[in-house]
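Undergrad: Put together the whole structure using the sequences plus the hints.
Per my numbering, the sequence shown starts with residue 1, numbered consecutively.
Hints listed in this document are in silico derivations from the structure and should not be mistaken for laboratory results.
The model shown is predicted, which means the values in this text are computed figures rather than measured ones.
We put the beta carbon where it would ideally sit given N, CA and C, even for glycine.
The following label-pair restraints were derived from C-beta to C-beta distances:
id, residue 1, residue 2, range
1, Pro122, Arg98, 37 to 43 Å
2, Lys56, Asp134, 36 to 42 Å
3, Ala18, Phe128, 40 to 46 Å
4, Glu45, Ser20, 22 to 28 Å
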Amino acid sequence: PEEVFPVCSPNYLAQFQADSPPEEIFGKALLYLDDSQKDWVTWTEWFEAVNYPVVKPKNRVNINNYPMLLQAAINGQGVALAWGSLVDDYLQSGALVRPVETVLRTHANFSMLEPGDRGVIPASVKHFRNWLLDQLPGQVGQKGLN
Numbered sequence: 001p002e003e004v005f006p007v008c009s010p011n012y013l014a015q016f017q018a019d020s021p022p023e024e025i026f027g028k029a030l031l032y033l034d035d036s037q038k039d040w041v042t043w044t045e046w047f048e049a050v051n052y053p054v055v056k057p058k059n060r061v062n063i064n065n066y067p068m069l070l071q072a073a074i075n076g077q078g079v080a081l082a083w084g085s086l087v088d089d090y091l092q093s094g095a096l097v098r099p100v101e102t103v104l105r106t107h108a109n110f111s112m113l114e115p116g117d118r119g120v121i122p123a124s125v126k127h128f129r130n131w132l133l134d135q136l137p138g139q140v141g142q143k144g145l146n
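TA: The structure is reproduced here in structure tokens:
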């Protein structure tokens with residue numbers, strides 16, 4: 001399962017008291033992924049799924065590119081929704097922190113298909129496949145992978 005949760009910079013979070021309610025932290029500035037891909041979880045969907053009241057932030061920042069969204073969060077511009085496997089390095093380095101521990105676990109999956117006996121896999125594709133498998137330890141069914 002995919003894990004989706006809020007992230008922000010340590011400096012952004014430092015503006016609030018340790019016992020500040022989530023609504024206060026989220027109410028200042030939310031970073032929205034404004035992408036034509038409807039597969040991303042929206043803030044409204046996240047709030048509803050985790051039983052938080054839907055927050056209307058004072059500042060709403062729309063960004064149409066996920067790496068730019070994460071950079072805005074790192075720069076202290078607000079709170080972004082993050083996908084666990086995509087932000088682990090930022091969390092480990094301290095560039096991003098989780099202002100709340102609440103997590104939405106979705107049932108979304110990613111698939112990678114191979115041609116099997118019907119085609120040759122280019123070396124670059126094999127390299128990418130192996131890199132991807134290394135990034136997702138314990139999360140991948142490896143049926144048929146060579």
